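Those sequence lines, one after another, are chains W and V.
For the first sequence, position 17 (counting from the first letter as 1) is numbered 17 according to my numbering, and the numbering increases by one without interruption.
For the second sequence, position 89 (counting from the first letter as 1) is numbered 89 according to my numbering, and the numbering increases by one without interruption.
Calculated directly from the structure, the hints in this document are not laboratory data.
In this text, all values refer to a predicted model and were calculated from it rather than measured experimentally.
Since no wrong hints were added, every one of them can be taken at face value.
Heads up, simulated DMTMM-like pairs for lysine to aspartate or glutamate below, C-alpha to C-alpha not over 25 Å straight-line:
1) W/LYS124 to W/GLU13
2) V/LYS61 to V/ASP50
3) W/LYS53 to V/GLU34
4) W/LYS108 to W/GLU13
5) V/LYS49 to W/ASP33
6) W/LYS53 to V/GLU44
7) W/LYS124 to W/ASP113
8) W/LYS122 to W/ASP85
9) V/LYS65 to W/GLU74
10) V/LYS49 to W/ASP85
11) V/LYS24 to V/GLU34
12) W/LYS53 to V/ASP50
13) W/LYS105 to W/ASP123
14) W/LYS105 to W/GLU25
15) V/LYS49 to W/ASP123
16) V/LYS65 to V/ASP10
17) W/LYS53 to V/ASP9
18) V/LYS14 to W/GLU74
One-letter residues, chain by chain:
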Amino acid sequence: MHGTFQNNLAFIEFKLRGTESGALEHTFQGMIDTGFNGYLQVPLMAALPVGLKLVGLNQSTIANGSQTTSLGCEGRITICGEVFDTFVSLPTDGPILIGTQLLAKLGKDLHIDFVKGTYTFKDKPKKMQP
Amino acid sequence: MTQPFYSPDDVIKKGEAIYFSRLKDELEPTHSGETVVIEVDSGEYFINKDVLVAVNEARAKFPDKLFYIATIGSISKTSTNFQYAWNLPK
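Given the sequences, and given the hints that come with them, work out the whole structure.
Listed below in structure tokens is the structure:
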């Protein structure tokens, strides 16, 4: 899986839908944000059509130090050929962010080439059997 | 049994009250950075480094409830109300 930078920011395409059967799937472009230690942030109005399951109210502190409250939902993401459940924070506005917990769950190595302005997800090398 | 209806403000206020009165001093020294998911009626809570794991544990026990979710150690003050935070008309 390869991607490119836009204005020095790394973006990746993914699909998101609710976890219930029959949920609509929409395609989004999200920014890889290694400073965001959550899963996924999608603005409320963009997320509504996909039918995420509301699980609670999520309080967190964002990069500028302010405290925010957003709806916390569960959804199913398809990214880099992998499909898994994800937590989704729904603020009123802001960019679509892919955080480090989601990257960890993806389970791939992420190589960023800031000189070329590209990034690559690679499968982790399998351990050799003794 | 019919579940009480709570607004977002209700969930936040009840969750914050439990966190600040009962959990903050107990959890912050040892679980800072982890997620706490609080069921606001019983006060029962679930902790995990992975927010999705904590939420799923909470939902397994309380399948129809909305939870208060916070990162331990990152909530330093009680919030303004939900309507204010979302710029909705009061």
